[in-house]
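Asks: Guided by the hints, dock chains G, U and L onto chain V, whose structure is given.
Protein chains in written order, with the UniProt record's numbering: chain V, 1 to 306; chain G, 1 to 306; chain U, 1 to 306; chain L, 1 to 306.
One thing to keep in mind: the hints can contain errors.
Intra- or inter-copy, both count: the list cannot distinguish identical chains.
[As the list claims (entries may be wrong)] Calculated cross-link-like contacts (lysine to aspartate or glutamate; reagent style DMTMM-like; alpha-carbon spacing at most 25 Å):
#	residue 1	residue 2
1	K134	D91
2	K102	D34
3	K134	E203
4	K134	E196
5	K134	D189
6	K134	E2
7	K102	D226
Keep in mind the hints are simulated off the structure, nothing from the lab.
Protein chains: 4
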Amino acid sequence: MELGIIGLGRMGGNMAERLRRGGHTVVGYDRNPDLSDVGSLEELVERLTPPRAVWVMVPAGQPTHDTIHRLGEVLQSGDIVVDGGNSHYVDDQRHGTELGEKGIGFLDCGVSGGVWGLENGYALMVGGDDEHVKRLMPIFETLKPEGEYGFVHAGRIGAGHFVKMVHNGIEYAMMQAFGEGYELIEASDIVTNVPETFRSWQEGTVIRSWLLDLMNRALADDPHLDEIRGYAQDSGEGRWTVQAAVDHAVPLPAITASLYARFASRQQDSPAMKVVAALRNQFGGHAVESAKGADSPGADVTPPAV
Amino acid sequence: MELGIIGLGRMGGNMAERLRRGGHTVVGYDRNPDLSDVGSLEELVERLTPPRAVWVMVPAGQPTHDTIHRLGEVLQSGDIVVDGGNSHYVDDQRHGTELGEKGIGFLDCGVSGGVWGLENGYALMVGGDDEHVKRLMPIFETLKPEGEYGFVHAGRIGAGHFVKMVHNGIEYAMMQAFGEGYELIEASDIVTNVPETFRSWQEGTVIRSWLLDLMNRALADDPHLDEIRGYAQDSGEGRWTVQAAVDHAVPLPAITASLYARFASRQQDSPAMKVVAALRNQFGGHAVESAKGADSPGADVTPPAV
Amino acid sequence: MELGIIGLGRMGGNMAERLRRGGHTVVGYDRNPDLSDVGSLEELVERLTPPRAVWVMVPAGQPTHDTIHRLGEVLQSGDIVVDGGNSHYVDDQRHGTELGEKGIGFLDCGVSGGVWGLENGYALMVGGDDEHVKRLMPIFETLKPEGEYGFVHAGRIGAGHFVKMVHNGIEYAMMQAFGEGYELIEASDIVTNVPETFRSWQEGTVIRSWLLDLMNRALADDPHLDEIRGYAQDSGEGRWTVQAAVDHAVPLPAITASLYARFASRQQDSPAMKVVAALRNQFGGHAVESAKGADSPGADVTPPAV
Amino acid sequence: MELGIIGLGRMGGNMAERLRRGGHTVVGYDRNPDLSDVGSLEELVERLTPPRAVWVMVPAGQPTHDTIHRLGEVLQSGDIVVDGGNSHYVDDQRHGTELGEKGIGFLDCGVSGGVWGLENGYALMVGGDDEHVKRLMPIFETLKPEGEYGFVHAGRIGAGHFVKMVHNGIEYAMMQAFGEGYELIEASDIVTNVPETFRSWQEGTVIRSWLLDLMNRALADDPHLDEIRGYAQDSGEGRWTVQAAVDHAVPLPAITASLYARFASRQQDSPAMKVVAALRNQFGGHAVESAKGADSPGADVTPPAV
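Next up, chain V with everything else stripped away, as it sits in the complex (with noise of 0.2 Å):
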């Protein structure tokens, strides 16, 4: 079928590509003239017959809501929007009503896969109408990785980025999993052969994932990571996900504690200690250094029994 879409980077770029493989007829819009097949929204609309589709891929946030707003004026009702960038669920609420007031349809689209995704199919989590999710579905097939999974229609509208922002959530705990397990691993000295055990467990275990994969990927050639700072970004979907958390009143101690271990990992030095190190010298007269910040509790006789 005849797609728009919005956003020719690294992720559109491939999804268009993946699109045109599987026969499809696809129309990109980049702001980078070198990447767009249309000088103009406007142009890229009436390339496309009615009733259209569009998908917008382009970063979430003031990108998303500018790009959305423009298309509510140019597009016509019976033509559908699709929002395939890393929006705040809560926002596709907004951006549904909007289009809607316009008889505009609009389907939010979580999107997984990276860069492996053009060879492998993306895995697409979608919310919105019924109605919607069909029209589009020749779209879907085609990003979504063969066989039987890799595509769901989760709910109403806000729907598909929440199950994806919440996926991110599972993600981050469990990258701290098995950073934690690799941690411990490396402190004990009975153990020599840290990469070749990650290795083995890539069979017969529990634990055995894609995840699993990558870490001995990263393993194969850098044993201890000695190259890599631990240093961790944090995307906006860890946030939401714990936002979303307290809002619901669920507790999630463990995605939680992964996403505060990415804030500790860009910190020089932190705050919270500061406090901790200076209540320790004035109670227990613990010795606190600025150079060294080493505690030296010394060779007294007796221990600092506070």
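Replies: Coordinates of chains G, U and L only, in the frame set by chain V:
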């Protein structure tokens, strides 16, 4: 090759069976005469040709201590004992020393695979000397899954159980991750297709894994887990992982949160939260009820500004 | 000085009383005519001499939004509004802007003190312009406790509620700390004098505090808290603290754990732990029971080696 | 009464001084002859009139084991040993049994008070038999603070150190609570008066406490803790608290988070976060740098949709 196995329960029995299918000569001993090939440990030893290899597959703790101690009395210098149970890695070092003083070799072997191991093979993680590992390789080769993974000689005595323990710690946090994600999704009123969402994730996502596959088996039978109580036991490994972390000064926030969630799942009421409720009542006049336990801040026109 | 107060519930009524005892002229308005000095907001405004000061002490959220919006309609340039409720600091900035456009000053004031404030004074944390704080100082001086502490001009508009919010976050973790300590002590079979232990800590220890004193009041009435259920509500401030932490990329593991413990205390059953139980059942054949929920690994001679 | 004290370092020396001021006859032994009243343990024993009482105030672990073992050799039936150090409660039970076999009484005594104890008294938490506690009461009465608090006979042998250990666990979480609150406030750009805020909290708030007073002493010297590194040691008690929690299946999320924050504060780089960074790089093509460690997702028009 020839192997004695002590303990022919679910795990030991299946392992004996897989070894026999693989062409080995297995002599099994179990205190249950219906399962046992011989009437006593002494008879087991007599039936094996020196230098012997004996695999211990009995519950961790006292049963394993007792079995290894008795083997030290009946075996000879040059024989090898493998502890394939779930022993604590600190016990391995004691067992290794005790047997070593008599010239008997010792290997510790963490085993993963559960009820699926007979057909698919068992992941094996081994600690001990190269020489002893080499002697047992024919056995390990048969027990492990086909393919290049599923076996590691992880390090010195204790290393096998240490990495198996950490494997289980990672497993705790992965299970918790799926649990937390499920809970948050179930709490949302926009996601209407929860089991379908988890099923879809089996392809194309970052979190695809054997545990996710198992979760989908569970959801296929009981889509909202109505038939299962949120009550989870913990095995020794989870506790040992946290204790090893404390001993090594390694922070394991996600794994520990997962262990604590299991502890909490088994409480009828939380003493800690009784204190919190009592304190809120003391300083804020927040209502506390014994029967219902509900906190009813009432319809006061002003907020409980404490 | 003259002050209008809107909201004469437990907190507002006691604050009006403390101000009157301190020699101020207070005109109070409450939607409950039995508590109110005037029949309407308009009448309240008429009764005060410009430039006026009006203290809003109504529930956070919509009631406060509505009250401040209406005050913007009936007050004049040069008047000042103080929001003494538990508003979210992000709302303060909106309220300050709305009133500021009409030349009306705005201060946000976090208030601590609860039922003890009438006699002991209220701790006050204020955000806003120096000029407005200065105008209201006679009121703050009377409301605050005697002595040199209990009042701070914390910063710009919103800063008062921000630091009050963080105060409550700290409070959550302190309460949780006592709760956890209590639970561990109760779990020990060597400690036989639990309430006596907590009582003894009121002098000479590092943890002596007002919360500990309150805990001892609670234990004096109910030595093992048998009459109280471990069920704790959470107020907005705890959730906002965690959300502010996520917004500012600040890790708050102990405060967040305290909030989550309250969430969990209100669950009949944990969906997350249903998943964990279901997974254990899938891979290990661990028994799951719906009625009793108990996991009975049975009398197998071998360990559940997964 | 007469008391022998072994270990005259900072704590033991001050306690001896406080006892002498209170009219007791104290004979002190220290391996440092400049501090010691006697030349040997034997001489200490000779100088005391049976039935004797000897207070051990040496570092926990081997020094305490050795001292108690030697006292078992030189004391007589009817004498009493008090371990006032920071011993692990599980060691107390062994020490009590060893001495008990010789008819020598044993009390374990957790001591809090630090450098402030000489003047203000020490909080004492005692485990052991009523009869032995009664014998030592004159000593306890002099050491403890004036007033009705500061002493408890907590339970059986080990109970004194157990509750002192938990006291320290609570202390960890309270210190962490203040640290987290401080960090969040410092991260806000609307709060401009941070030390003033903490100072104001000393009256009228729920969180007023000795630790808050100490924090304000620290902030008075160094308003933004610029001179202190966020680096905190941990004592044995924090680790033992978590281990006791695991042993008793008691969830301690806030206390454990506080211990882990200290562990993390001492790491130059986090191996766990190296894994997270490596995984992010593998699946998302997120940049990893060894020198700078920064993740630069670049100016791609599309989001990193993984």
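Asks: It remains to establish, for every hint, whether it holds in the given structure.
Replies: These are the hints, each one checked on the structure:
| no. | hint | in the structure |
| --- | --- | --- |
| 1 | K134 with D91 | within (23 Å within a copy, 42 Å between copies) |
| 2 | K102 with D34 | neither (32 Å within a copy, 51 Å between copies) |
| 3 | K134 with E203 | between (39 Å within a copy, 21 Å between copies) |
| 4 | K134 with E196 | between (48 Å within a copy, 16 Å between copies) |
| 5 | K134 with D189 | between (58 Å within a copy, 22 Å between copies) |
| 6 | K134 with E2 | within (15 Å within a copy, 63 Å between copies) |
| 7 | K102 with D226 | neither (56 Å within a copy, 42 Å between copies) |
Hint violations for this structure: numbers 2, 7, all remaining hints satisfied.
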